[in-house]
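S.K.: Put together the whole structure using the sequences plus the hints.
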Amino acid sequence: MLLEVRDLHVEFHTRDGVAKAVNGVDYSVNAGETLAVLGESGSGKSVTAQAVMGILDIPPGKITQGEILFQGQDLLKLKEEERRKIRGAKMAMVFQDALSSLNPVVSVGDQLGEMFQVHKGMSRKDSRAKAVELMDRVRIPAAKERVGQYPHQFSGGMRQRIMIAMALALEPELIIADEPTTALDVTVQAQVMDLLAELQRELNMGLILITHDLGVVADVADKIAVMYAGRIVERAPVHEIYKAPAHPYTKGLLESIPRLDQKGQELYAIKGLPPNLLAIPPGCAFNPRCPLARDRCRTDVPPLYDVTESPVKRASACHFWKECLHG
Amino acid sequence: MAEAILEVRGLHKHYPLTRGILFKKQVGAVRAVDGVDFDLAAGETLGIVGESGCGKSTVAKMLVNLERPTSGEIRYKGEDISKLSPRALKAVRRNIQMVFQDPYTSLNPRMTVGDIIGEPYEIHPEVAPKGDRRRKVQDLLDVVGLNPEYINRYPHQFSGGQRQRIGIARGLALQPEIIVADEPVSALDVSVQAQVVNLLGNLQTEFSLSYVFIAHDLSIVRHISDRVGVMYLGRIVEIGTDAEIYEHPTHPYTQALLSAVPVPDPEARAHRERIILTGDVPSPADIPSGCRFRTRCWKAQERCTLEVPELAVPAVFRLTESPAKHDSACHFAEEKQVVPPEDDGEEPPSP
Amino acid sequence: MPEPEPFEPLESYGEEGRAIASTGAGGASDLATAEAETLEKNLGGPEGAGPDKKARSLWSDAWHDLRRNPVFIISGLVILFLVIISIWPQLIASGDPLDCDLSKAQEGSQPGHPFGFNGQGCDVYTRTVYGARTSVTVGVLATVGVAILGGILGGLAGFFGGAWDGFLSRITDVFFAIPVVLGGLVLLSVVTSSTVWPVIGFMVLLGWPQLSRIARGSVITAKQNDYVQAARALGASNSRMLLRHITPNAIAPVIVVATIALGTYISLEATLSYLGVGLKPPTVSWGIDISSASQYIRNAPHMLLWPAGALAITVLAFIMLGDAVRDALDPKLR
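Residue numbers (the numbering used here), protein chains in the order written: chain A, 1 to 327; chain V, 328 to 678; chain P, 679 to 1012.
Where hints are given, some of them may not hold.
Cβ-Cβ distance ranges computed for the label pairs, FRET-style [said to hold, decoys possible]: (1) R294/A / R596/V: 36 to 44 angstroms; (2) V106/A / A639/V: 49 to 57 angstroms; (3) E334/V / G895/P: 36 to 44 angstroms; (4) S738/P / P104/A: 34 to 42 angstroms.
Reference excerpt, derived from the structure (chain V facing chain P, CB under 8 angstroms, subset only) [to be verified]: (5) L393; (6) N422; (7) M425; (8) D429; (9) T432; (10) L434; (11) I450; (12) V454; (13) R497.
No farther apart than 25 angstroms at their CA atoms in a straight line, the calculated lysine-lysine pairs in the BS3-like style are these [unchecked claim]: (14) K62/A / K90/A; (15) K144/A / K130/A; (16) K417/V / K901/P; (17) K410/V / K901/P; (18) K130/A / K85/A; (19) K782/P / K388/V; (20) K263/A / K663/V; (21) K263/A / K652/V; (22) K79/A / K90/A.
Keep in mind that the hints were calculated from the coordinates and are not lab data. Since we're looking at a predicted model, the values are computed, not measured. We put the CB at the ideal spot given by N, CA and C, even for glycine.
M.R.: See the structure below:
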């Protein structure tokens, strides 16, 4: 197992109280595998990723419990110095907003080259050559001429490719991509996702794709973890989850999106409000919005039930998953 | 088709590029909108899709007179509203209202919900007598699915979806005939988008509204629209009914756009043909000659460089009765199915 | 029974989403993703505080922060004290600042005269107390003048843009190029009046460009908000947009800069008076006293110390107040 997150809890201390952003998340990724973490804003999907990368702001954030095993080693027990060596070299991150993630006053070539200078101790000249190589690899035309240009001289799609190049620079074993294509146009989105998937195959990396877009997930993921109110509510291989969701939240999400190939009348809409992280409802966090909810859901927190139907391993955090799956 | 309530003809918006501080010299122009024509029939929804920078938002702004066209006409019931006097314009504005994209910046944070929704009546006092306004505002809150008791709250006390409902209520206050919605759900969470899309659909029936619905999300546009126009670099390149555009696209850009949309169905992954366009959209300050899509088009030939394709039914389809017979601005238009037809599509699990 | 969700009454209306505190929530770091930002906003949301939470506007939010800020409390108390004694100096000083006895010149502290006497034999304590009135008057009036003139000119330039804006920007550039003290030496040296008005007039003349620049920028920012566009689409007039939508959303930076500037105007008055071109006797002013005391600094430092100390504390108090107000109003910090 390349990465295993076990029972992770993250809190934020704020003026108005303690916000429980992540409340016991377990997931794992193998080399060459793509895990999609699906959730809406506030579901804790990005906070989990930041905890894995070690870039969570502490304070106000605080990891209160859990383990993050990377190649068998618990990252939370490492010193900051040791973690820094892993970051970039063994795991890297691609962010949503490439423009604000790149330094506007440093040339793209220097920013790419910096990775080699810092981690590999290369000379400026050698790192420049490496930067050109990387830009070629992410298919930026005329890389040699453009290596000295600044981020604003590139289009949005190209900047995102530069971010990918930067993440790939040291051939890490794990890539975390946080909404990598959300800010891009749909035709460019397809280019960038294809590139990411292809490089992942080539380098046999593990990929954690964080997104709210069910379409993107269906296109590239091997397995999915659906998050709600800081917990995983459903975990399954990608085909199964779209065919037959085992959690009412997943089911609601799938039904609420309009489809390109269908002209529906009324869309199904999940009622109610996403939970307030300062006051997560007792029992199942989804119960106020759930069509299946009954008394038990308001008191008992559902564990992540094993709902494996051999040979497909899957899990759902719903007391009434059978009803959801077969009903 | 019912009578057109809004006719747009030859609409252009060019922003001059100038150089020099004291003596300004025009060195070029950003052609944000560069010749757009369409009709909007009473009671219908026209969807306009396109990527960022294609000029769709500028079109929306000109429709509600937030921008003046460089040239062209916007005729509301036969009258060109882009050249009206301020007084006449104010009367027309009552009938064409806008819903904005960002529910966080479109509501004044210093005003209560009651003041925001009631402001249209202060500007147009003839619509509602003073004593009546509070009740009208509460009715509107109820219509958009908000608790009428929240009339004294401030926008920051509401979620994104609720704020968008407030924006919609403001748009409805003057009982307009046309609502121009510029990306009204793209800033919202997935599960909330459906609620707002449904609301817009219900309001259309209830108040017999006509919509111009502008979005980059092709799935939502299909869901809500009767007809769809596809914009690229300041022009409509293809326009037709939703079935014509989605199931029988004839313009290569429409085909590429549709094929690039991720479909939430992993089964489709294997047998879907995807057209991945190369390169980026050219700058609207430097539009290619001839067909503006030719620099990214796999079909481009010499003719495309020389001759601007008109938005009309392509010659090959003119005598047919196929659904491919609709306006498409391509010299080499041909039908290509990129979205599986509705019947073959797998049914989503029903609730 | 489960705890009621804060917005539960809305449930029946099919509501969604969380309440969000403010439009300008800042990212926690460069790395903050959209979600992290939403979370940030979420955390500050009023929803968490319960269903009966009163409406909080920017100003009440700011006041909520200010009341808990020791910097604000201290500077506020100092300023309150200054304002009171400049209105009623008799409250704490029974003497007359112009009642001087040359025989007591330069004498030190003695009963009834805690700060001693100055070079003319006037009571330093009384003069220091009465000097506050001059400083506060000059500071407040100059600031009000600058804020009104600069705010209106800059605001209109920002709102209408175009040629008027270009013209005004060039004018402000010219004014920025004038060194304040040199300008004061030249312009005020021809004035003979011993009132405070020439000094205030000079400060307004040189100070408005700074405020106009701030006001212009903040109006341009506010103007771009969709709610201004929405009002325009409704057919709102320019004056409605300016008064109802733009001014309330653009005024905060102007207030912050004006508060900080108030302190600098007080010190500028002292500087000009020290140089002999500001206020002139018989006006009582810290600047004049500092000026006349500076020649005796070796044998009678107390004459300099008290008015200079009062001046330093006053200026510091206004600058600290401005800082505290900025922290409370700055949307980037909330």
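S.K.: Determine for every hint whether it applies to the structure shown.
M.R.: Checked hints:
no., hint, verdict
1, R294/A / R596/V: 36 to 44 angstroms, "holds, 37 angstroms"
2, V106/A / A639/V: 49 to 57 angstroms, "holds, 50 angstroms"
3, E334/V / G895/P: 36 to 44 angstroms, "holds, 41 angstroms"
4, S738/P / P104/A: 34 to 42 angstroms, "holds, 37 angstroms"
5, L393, "holds, 6 angstroms"
6, N422, "violated, 11 angstroms"
7, M425, "holds, 5 angstroms"
8, D429, "holds, 6 angstroms"
9, T432, "holds, 5 angstroms"
10, L434, "holds, 6 angstroms"
11, I450, "holds, 5 angstroms"
12, V454, "violated, 11 angstroms"
13, R497, "holds, 7 angstroms"
14, K62/A / K90/A, "holds, 24 angstroms"
15, K144/A / K130/A, "holds, 11 angstroms"
16, K417/V / K901/P, "holds, 20 angstroms"
17, K410/V / K901/P, "holds, 24 angstroms"
18, K130/A / K85/A, "holds, 20 angstroms"
19, K782/P / K388/V, "violated, 78 angstroms"
20, K263/A / K663/V, "holds, 19 angstroms"
21, K263/A / K652/V, "holds, 20 angstroms"
22, K79/A / K90/A, "holds, 16 angstroms"
In terms of the numbered hints stated before, the structure departs from hints 6, 12 and 19, listed from lowest to highest.
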